[in-house]
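I would like the entire structure built from these sequences, with the hints used as guidance.
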Amino acid sequence: MRHHRSIGAIIATLTVLALAYLVAIHLPLCEKMAAPLLLRSTSSTISRLLPRINRLSAPLLRPATPSTSPSQHPINPTTTTTSRPFTSTMSTPSSAETMSFKDAIHLRRSIYALNKQSPIADTTIEEIVRTALKEVPSSFNSQSTRLVVLLKDDHDKFWDIVRDILKAHVPEDKWEYTGNRIKGFRGGYGTILFYEDPEPIKALQTKLPTYADKFPTWSEHTSAMHQYMLWTALEAEGFGCNLQHYNPLPDQKASAEWKIPLEWSLKAQLVFGGVEEGAREALKVKDEVPMAERLFVHGASS
1 MRHHRSIGAI
11 IATLTVLALA
21 YLVAIHLPLC
31 EKMAAPLLLR
41 STSSTISRLL
51 PRINRLSAPL
61 LRPATPSTSP
71 SQHPINPTTT
81 TTSRPFTSTM
91 STPSSAETMS
101 FKDAIHLRRS
111 IYALNKQSPI
121 ADTTIEEIVR
131 TALKEVPSSF
141 NSQSTRLVVL
151 LKDDHDKFWD
161 IVRDILKAHV
171 PEDKWEYTGN
181 RIKGFRGGYG
191 TILFYEDPEP
201 IKALQTKLPT
211 YADKFPTWSE
221 HTSAMHQYML
231 WTALEAEGFG
241 CNLQHYNPLP
251 DQKASAEWKI
261 PLEWSLKAQL
271 VFGGVEEGAR
281 EALKVKDEVP
291 MAERLFVHGA
301 SS
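Residues 1 to 302 in the UniProt record's numbering are what the sequence shown lists, from first letter to last.
Worth flagging that the hints you see were computed from the coordinates, not collected in a lab. Be a bit skeptical, because a hint or two may be false.
As the list claims (entries may be wrong) - Mimicking DSBU-like on lysine-lysine, the simulated pairs with C-alpha atoms at most 35 Å apart in a straight line are:
| # | residue 1 | residue 2 |
| --- | --- | --- |
| 1 | K286 | K174 |
| 2 | K214 | K202 |
| 3 | K183 | K284 |
| 4 | K207 | K253 |
| 5 | K174 | K214 |
| 6 | K174 | K284 |
| 7 | K259 | K174 |
| 8 | K253 | K102 |
| 9 | K167 | K116 |
| 10 | K152 | K286 |
| 11 | K207 | K102 |
| 12 | K286 | K214 |
| 13 | K202 | K134 |
| 14 | K134 | K267 |
| 15 | K174 | K202 |
| 16 | K102 | K259 |
| 17 | K207 | K157 |
| 18 | K134 | K116 |
| 19 | K157 | K267 |
| 20 | K267 | K116 |
| 21 | K183 | K267 |
| 22 | K134 | K214 |
| 23 | K214 | K183 |
Claimed, not checked - Distance ranges between label pairs, derived from CB positions:
| # | residue 1 | residue 2 | range |
| --- | --- | --- | --- |
| 24 | T210 | N115 | 28 to 36 Å |
| 25 | T217 | P248 | 14 to 22 Å |
| 26 | F101 | L208 | 28 to 36 Å |
C-beta atoms are modelled at their ideal positions from N, C-alpha and C, and glycine is treated no differently.
Okay, here's the thing in structure tokens:
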């Protein structure tokens with residue numbers, strides 16, 4: 001009976017709105033003034049009525065279900081689910097898909113105590129790298145970044161190349177420190193080599209000569225964004241990472257070994273691997289320049 005009274009009240013209200021419309025179009029107001037007034041009034045009224053309409057229509061629209069026993073719990077129609085804060089096109093569920101972007105940024109640190117364990121499949125690593133190439137922006141959509149992913153034996157081979165070249169240049173009395181660093185990088189699971197292809201840059205310089213001198217710098221920005229995205233994404237998956245810059249020492253041998261065009265410019269090497277026990281917990285709090293010296297906001301509302 002209460003439902004019938006509520007439905008009657010709704011019908012009466014809608015009838016009043018219809019009459020108001022008929023009166024409004026005959027009032028000595030110009031149409032441009034009357035229409036907005038009526039629209040605001042109607043929208044406000046409908047907004048108040050919608051919850052009541054939804055409550056009343058729910059029993060009518062709900063499909064018939066068998067009666068539940070005391071041990072069964074019917075679904076609460078008011079229960080809401082929280083959407084994931086970070087979505088991805090990746091097919092394999094992973095921590096990077098459920099971690100908030102802010103938490104992923106906070107998690108990203110340089111970790112050097114790595115091992116050859118991987119928390120995710122190699123196919124997932126490749127999918128993450130593909131996502132970076134697809135989604136990370138580039139200057140004038142140059143898409144100049146080229147990525148070479150080296151895993152397992154190929155990762156080891158790259159750092160063997162770096163070690164052998166360095167040993168010919170580093171004095172014997174300083175080799176222990178350098179050798180141990182290279183050994184630590186080799187102890188990881190994989191390395192991503194970040195290259196920039198000069199051809200798209202040259203094409204843009206020809207097409208837009210006004211900015212010709214800027215494109216090489218913007219190419220560096222493009223590479224840096226790919227480096228940061230992949231560093232953050234891999235650490236969100238459970239890897240530890242550190243970024244190295246041993247170029248141009250291994251460039252020619254790496255080019256020959258993995259058929260990489262020599263004209264590509266190597267910018268950085270992202271080393272990643274399983275995190276040794278306690279390595280993340282042992283990280284020190286970073287020294288920070290005061291925020292007041294780095295952030296300046298104007299025009300913001302309080």
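Evaluation of the provided hints:
Restraint check: the Cα-Cα separation between K286 and K174 comes to about 28 Å, which is no more than 35 Å; the hinted pair holds. Proposed proximity of K214 and K202 is supported: the alpha carbons are some 11 Å apart, at most 35 Å. Distance hint between K183 and K284 is fulfilled; the C-alpha atoms sit about 23 Å from each other, no more than 35 Å. A C-alpha spacing of about 34 Å is found between K207 and K253, which places the hinted pair at or below 35 Å, so the restraint holds.
Of the supplied pair hints, the one linking K174 and K214 is violated, its CA atoms being roughly 39 Å apart against a limit of 35 Å. A threshold of 35 Å between alpha carbons decides the hint, and for K174 with K284 the separation of about 26 Å falls inside it, so the pair holds. Under the criterion of a C-alpha separation no larger than 35 Å, the hint pairing K259 with K174 is consistent with the structure, at around 33 Å. A distance of roughly 39 Å separates the Cα atoms of K253 and K102; the hinted pair therefore is violated under the 35 Å criterion.
For the proposed pair K167 and K116, the alpha carbon gap of about 24 Å is at most 35 Å, so the pair holds. Distance hint between K152 and K286 is fulfilled; the C-alpha atoms sit about 31 Å from each other, no more than 35 Å. Distance hint between K207 and K102 is unfulfilled; the C-alpha atoms sit about 38 Å from each other, more than 35 Å. Restraint check for K286 and K214: the C-alpha separation of about 33 Å stays at or below 35 Å, so the hint holds.
Distance hint between K202 and K134 is fulfilled; the C-alpha atoms sit about 21 Å from each other, no more than 35 Å. Taken as a hint, the K134 and K267 pair is honoured in the structure, with Cα atoms around 19 Å apart against an allowance of 35 Å. As the CA atoms of K174 and K202 are separated by approximately 41 Å, the hinted pair breaks the 35 Å bound. A hinted pair counts as satisfied when its Cα atoms are at most 35 Å apart, and K102 with K259 does not qualify at roughly 38 Å.
Only pairs whose Cα atoms come within 35 Å are accepted, and K207 paired with K157 is rejected, the gap being roughly 40 Å. About 28 Å separates the Cα atoms of K134 and K116, which keeps this hinted pair within 35 Å; it holds. Distance hint between K157 and K267 is fulfilled; the C-alpha atoms sit about 19 Å from each other, no more than 35 Å. Between K267 and K116, the direct Cα distance comes to roughly 24 Å. Compliance with the 35 Å bound is thereby established for this hinted pair.
For the proposed pair K183 and K267, the alpha carbon gap of about 21 Å is at most 35 Å, so the pair holds. For a cut-off of 35 Å, the pair hint linking K134 to K214 stands: about 23 Å separates their Cα positions. Using a Cα cut-off of 35 Å, the hinted pair K214 and K183 is violated, with the two alpha carbons roughly 38 Å apart. A hinted range of 28 to 36 Å is violated for the C-beta pair T210 and N115, which are about 50 Å apart.
For the pair T217 and P248, the beta carbons lie near 19 Å from each other, so the given range of 14 to 22 Å is met. Evaluation of the 28 to 36 Å hint for F101 and L208 yields a pass: the beta carbon distance comes to about 33 Å.
Figure legend: structure checked against the earlier numbered hints; hints not met, in rising order: 5, 8, 11, 15, 16, 17, 23, 24.
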